[in-house]
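S.K.: Take a look at the letters that make up each chain.
Protein chains: 4
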Amino acid sequence: MEAVKEKTSATAYWQRYASIRQQTELICSPLRTEDYVAQPIVDVSPPKWHLGHTTWFFETFILIPHATNYHAFHPDYNYVFNSYYETVGARVLRTDRGNLSRPTTEEIYAYRKHVNAAMEALLLGDIDFPSSFWETLELGMQHEQQHQELLVTDIKYILGNNPLFPPYSDAIEHLQPVINTTDEWVNIPEGIYEIGHQGNGFCFDNELGVHNVFLHAYSVMNRYITNAEYMAFMEDGGYADFNHWLAEGWDWVKGNNVQAPMYWFNVDGGWQHYELNGLQPVDGNAPVKHISFFEADAFASWKGQRLLTEFEWEVASTQLKHGDLWEWTNSAYLPYPGFSKAPGAIGEYNGKFMINQMVLRGGSVASPSHHVRPTYRNFFHPHLRWQFTGIRLAEKN
Amino acid sequence: MEAVKEKTSATAYWQRYASIRQQTELICSPLRTEDYVAQPIVDVSPPKWHLGHTTWFFETFILIPHATNYHAFHPDYNYVFNSYYETVGARVLRTDRGNLSRPTTEEIYAYRKHVNAAMEALLLGDIDFPSSFWETLELGMQHEQQHQELLVTDIKYILGNNPLFPPYSDAIEHLQPVINTTDEWVNIPEGIYEIGHQGNGFCFDNELGVHNVFLHAYSVMNRYITNAEYMAFMEDGGYADFNHWLAEGWDWVKGNNVQAPMYWFNVDGGWQHYELNGLQPVDGNAPVKHISFFEADAFASWKGQRLLTEFEWEVASTQLKHGDLWEWTNSAYLPYPGFSKAPGAIGEYNGKFMINQMVLRGGSVASPSHHVRPTYRNFFHPHLRWQFTGIRLAEKN
Amino acid sequence: MEAVKEKTSATAYWQRYASIRQQTELICSPLRTEDYVAQPIVDVSPPKWHLGHTTWFFETFILIPHATNYHAFHPDYNYVFNSYYETVGARVLRTDRGNLSRPTTEEIYAYRKHVNAAMEALLLGDIDFPSSFWETLELGMQHEQQHQELLVTDIKYILGNNPLFPPYSDAIEHLQPVINTTDEWVNIPEGIYEIGHQGNGFCFDNELGVHNVFLHAYSVMNRYITNAEYMAFMEDGGYADFNHWLAEGWDWVKGNNVQAPMYWFNVDGGWQHYELNGLQPVDGNAPVKHISFFEADAFASWKGQRLLTEFEWEVASTQLKHGDLWEWTNSAYLPYPGFSKAPGAIGEYNGKFMINQMVLRGGSVASPSHHVRPTYRNFFHPHLRWQFTGIRLAEKN
Amino acid sequence: MEAVKEKTSATAYWQRYASIRQQTELICSPLRTEDYVAQPIVDVSPPKWHLGHTTWFFETFILIPHATNYHAFHPDYNYVFNSYYETVGARVLRTDRGNLSRPTTEEIYAYRKHVNAAMEALLLGDIDFPSSFWETLELGMQHEQQHQELLVTDIKYILGNNPLFPPYSDAIEHLQPVINTTDEWVNIPEGIYEIGHQGNGFCFDNELGVHNVFLHAYSVMNRYITNAEYMAFMEDGGYADFNHWLAEGWDWVKGNNVQAPMYWFNVDGGWQHYELNGLQPVDGNAPVKHISFFEADAFASWKGQRLLTEFEWEVASTQLKHGDLWEWTNSAYLPYPGFSKAPGAIGEYNGKFMINQMVLRGGSVASPSHHVRPTYRNFFHPHLRWQFTGIRLAEKN
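Protein chains in written order, with numbering that gives the first Met the number 0: chain A, 0 to 396; chain B, 0 to 396; chain C, 0 to 396; chain D, 0 to 396.
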């Protein structure tokens, strides 16, 4: 991650830390204890695991190395809450997280309290830490914000795949993507553009370094694709015509009998979808969401248009209304020129995933505020769709 | 199931019903809410599912057909809590049970209360039911007792496969199998013997009808095999020598890298095992338990002896100390002469499992008292070992 | 295997050996070179593997231990042609046999010639071998006959699953099962019967020892079930009604979309099946064949009758017309009382398969003449149906 | 595929066609009939399938639409030899190709002769075809050349995974990659470069259209990595240190217990590898080959250098000695700006594979002469290594 250039006061850090930590728990507040435990698919982690894992990050990378006399909350939590850091020892396999009834949610909240108290003492104490300390702290907060988004999407998966369709909350306006109603196209002229994160603010290592990219002229739609447009694709037999699909996408459609976006159910001939406030009729004017890369690409092909590259997206972003749905780009997640991962466990953060995943840009309603930047590179495998993902198209040139 | 010949008074039925229902909840009383949710392997069901499923049985087969004005607690619970009865409609796949965070444990306890109240009203009301009613009621109670045993074994699996090894309870003396310390052999002469359940008491359909079996003379040991004896097999390379194993057992050993009974861990060179009161050193004098059929058979082969057939076991049972561990027999689970399954959903109870499973006899410390009979036929696939299973040997003749 | 009590002259042995070896090659004579190579499923071995493996048996268990100065044909053939004998070293995994283009068929025929010549020299030489020698020789010949049957069934699978449906031969009358046209029932009174092989002739170890079994009275049909009868089951929705099926059978039907016996194809609304002379209309009067245990059991259930046990079959066999189709019994393949496997590699022959398989009795048109006895116990997993298997029913008592 | 601008004379086309067709059969000439049948892994097709499939291309896309009175050789060959063209109807699943013993090799050679004769009559006849005809013909020849390379690599896999390690041929000098012995670095200055195929010659659709790419300055090694260099990586524990590997690469190493390049065997402590002339000691000075993308990337990481992008490779190619080994680039296989697939079956050629594969550049000793261009984009999944793949590194900037 980028060095944090200007030192903020420790008090300000503590306040931001406390606010982020509180926000995580706020997201979980509507849950019943049982909801914290389930792991219905390997990509979805139990909420209580998220609560523990984000805490483990601060304990492992901040408190144990820097807080004198800190006592780890429990000797086995490193094993239980390590996610994928090979550097930091053995860990529970991702597929097994949902099998662990213990530690209980209550114990994990106590763990959070224990770590928060130690963090407060450390940050408000008489301190003089090197810049790497502040960088790790910043990374820990950014990391927790990433898990805030996963908490929302994982909770939606857990509840939305329950045959009882329990609502998460009635107040979900802030979690509903809004669409630009004007149908404009933004035109970008050909030229050399700078790509990558600039300035002193935080960014992840994968957003660095700044480099030039040549782009040919292109036009991009200044809104997301709507449910109505997507239903037209469905009604035209989009899921049944191999011509629109990548070969692996076609295998995915056939192998999983995919016929609609995730969370859609055909009830008495009409489409409903699970929303965080329960099963609802699909609104044709709202943007389509929970779409795999394969579906986004097939839709674009059917429409005679195409997805943007991540570079085209970044350059156009200042002129686009965005931030409500992650937008699949037709760029593979690969290193920028000069990319180099940090040494040690922190270096396992991004680089090792640079294969077989596609980049998404823009952020979503589930992203914490101020977390996402135009240079932010999100990435998932092309068949996944439990994130708040949507479609934006460019003219096929 | 066998017809219940003598009509007990309805009050007595109610009292027995209430006592069994209470016992189920007693077994769960040491659990934390999270423990009710997990399903670490397909064979293990979440405790809250057991609580709901046994209740669903009474609602579906007793209350809905017989209690006028009964209102089902929730319209979707039939879908959620049906286990395998194809007759009674769609159902949650067994592999998905652990993904359901709802209904919550609290809701399921309310469901139990609701059904219990309706059962009380029905049984203590002004009633005149046909004998089939009492048979179904009896079956429901026996069914709940079967799930009491599964609750114990499933809870042990959930806690015993957690890296924190949380104890279930400190008071587990009644769950510890006791061994006969005298080393006697019981000799049974050759002859024709009657096999199967006789008399008016309850039995399952698979214990009927009474039929003759010819047995050649045999000798059977009047105790279980001990941990010390089993460790001798292990130290002699028993898990590494294919000669002792059935071909499919050998594949199982290699494919799963099996090196000891379930729940055994080699800690600093010594064997410990997870017991319901936590991780404990293995006691050489206690009977070995949590053994697959493959292991029982391989041990017998190494010892130059053999397992009993279920018929030999039943005939010798009056002379054997038994009931603390299920004993693998070398009999496949198949119908007795004249076996015929009941019509309707109840008929799905036993007959359809009569393939690829081996019979176990005798009951275990986890079996409810008065639930198991000498004619009782338990059955599992040969690789399973999360039940309280042990080994008894016969002389190879 | 049973001791061969009366010593036949060595010349007679040689003649029988030569005749059996020739018969194996006769079965393969209609094949094209490519047909010798394929292994479409794990249960089906490439014909050239059968040719090599049966030869390897004589080389390994007769020539190498007994023929002075014998030189193994090729140092790696032990690895290539060992089937499952763990005692005799590493081996090609069963699933990989079809990947081996070498040794070529020509080389394997040369291998056969080499071993046959050495066998001739050995048997017609100046010899004085112990009885165990003759027993192993006998076993080798019986073993080759078993593979003759597998050659027929595996060739049928290879050709019958080719979209071109190439005929094996036009002259297949001897491979067509004949049905008893009279519809008689044979009645067997209750009593103690002797089961198992008696006398001095050859038998496999699993047919020993002779022991008593008590049978209750039963009636058995003196013919096989016909295609017309089976089609009635199909037309009555037999494959769509779970009530007739064992639970694992129902999973097999659903998981494999089974709708008819193996090799049946619905062509323009009528049923045809692949026969060894090509695709042919199904003859309603011929016995149904290529049936799994699951299907045989479901058919019996639908018919209100049942399968025989292997003991009932053996006792009734003298009064039954049989030998054209293997008959699934409702007996699991388990050891007889006093069963004991031979020491060394030969002992791996039968005993280690005594789990999860069902017994078939009677032999089939694909069995070599004089190979099968009434006490002969064949065994397969319940879902398999590429053997010439059929259905015979008993009255449900 | 690019339009063929200048019409070559039909005779010249015929001669080139005939020469390419003959070359395919020449590659197969050392094979035994059995070698034509096997399909040891899904990626490797049986040689006889390649022979038939390339012929099917000409029959389906040239003869049937254009040759009056042409009779298809066999009505079922479209089903058997269609590879993945969904447009052209049902087809044998790729995994089943090795199960088809028929058509025989002889029949397929007859098929080739039949099609060649019809092609000769068509091309040397009185013709006036549209340019699309010549484009399809060109594509058919390019397609057959691609299968020539696959024939070499698939034959190597079939023979090199046989425990007998049969040599393909003794004369394989032309199939041995040669290395540049001078250790030079080529420096490329930053700037805008044109990428993609230019001019009138043939190219595939994925090489179009020409577009600008901005490259920062870089340095690239003018030789392949040697076996000795790769062995240093192995000896340094390269396969045991997760730090060098992408996360999915690490899973691949662990899951398949990978410890060396494909075809390498440790014999008595020294490394040998299967070459097309049999098992040979590894020559430290020869370039390492049969390397997955994961291995190439891990090696680069260990070395502190990196792989090139496909754009960097293309720009530097005029200054590089290349063409003996396919070089993994760190570019995902994605469409160029303005890419558009052809309509109909031909359009299924390239575009639908543009996901989850990495680009390889440069050609190999197994590539037909004059088949590969500097703009040629080969692509495979990152774990595959049965092609003649090697490593070239760039300086990490």
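Don't read these hints as lab results, they were simulated from the structure. Honestly, I wouldn't trust all of these hints.
Here chain C is said to cover these stretches of chain D; the calculated rule only asks that three of the stretch's residues, wherever they fall, bring their Cβ under 8 Å from a Cβ of chain C [said to hold, decoys possible]:
#1 90–104
#2 275–286
#3 354–364
Here are the computed distance ranges between Cβ atoms for each label pair [what the hints assert, rightly or not]:
#4 D:41 <-> B:70: 33 to 43 Å
#5 C:282 <-> B:236: 17 to 27 Å
#6 C:120 <-> D:231: 31 to 41 Å
#7 A:133 <-> D:231: 33 to 43 Å
We put the CB at the ideal spot given by N, CA and C, even for glycine.
S.K.: The structure should be examined with respect to each hint, and the outcome stated for every one.
M.R.: Comparing the hints with the structure gives:
Proximity of the segment 90–104 of chain D to chain C, defined as three or more residues with a beta carbon under 8 Å from a beta carbon of that chain, is established by the 10 residues found. Beta-carbon proximity to chain C at under 8 Å applies to 0 residues in the segment 275–286 of chain D; the threshold of 3 is not reached and the given coverage is violated. Only when three residues or more bring their CB closer than 8 Å to a CB of chain C does the claim for the segment 354–364 of chain D stand; here the count is 0, and the claim is violated. In this structure, residue 41 (chain D) and residue 70 (chain B) break the distance hint of 33 to 43 Å, their C-beta atoms being roughly 56 Å apart.
Take residue 282 (chain C) and residue 236 (chain B): their Cβ atoms lie about 57 Å apart, and the range 17 to 27 Å is violated. In this structure, residue 120 (chain C) and residue 231 (chain D) break the distance hint of 31 to 41 Å, their C-beta atoms being roughly 56 Å apart. The given range of 33 to 43 Å is respected by residue 133 (chain A) and residue 231 (chain D), whose C-beta atoms sit roughly 39 Å from each other.
Of the numbered hints stated above, those contradicted by the structure are hints 2, 3, 4, 5, 6, listed in ascending order.
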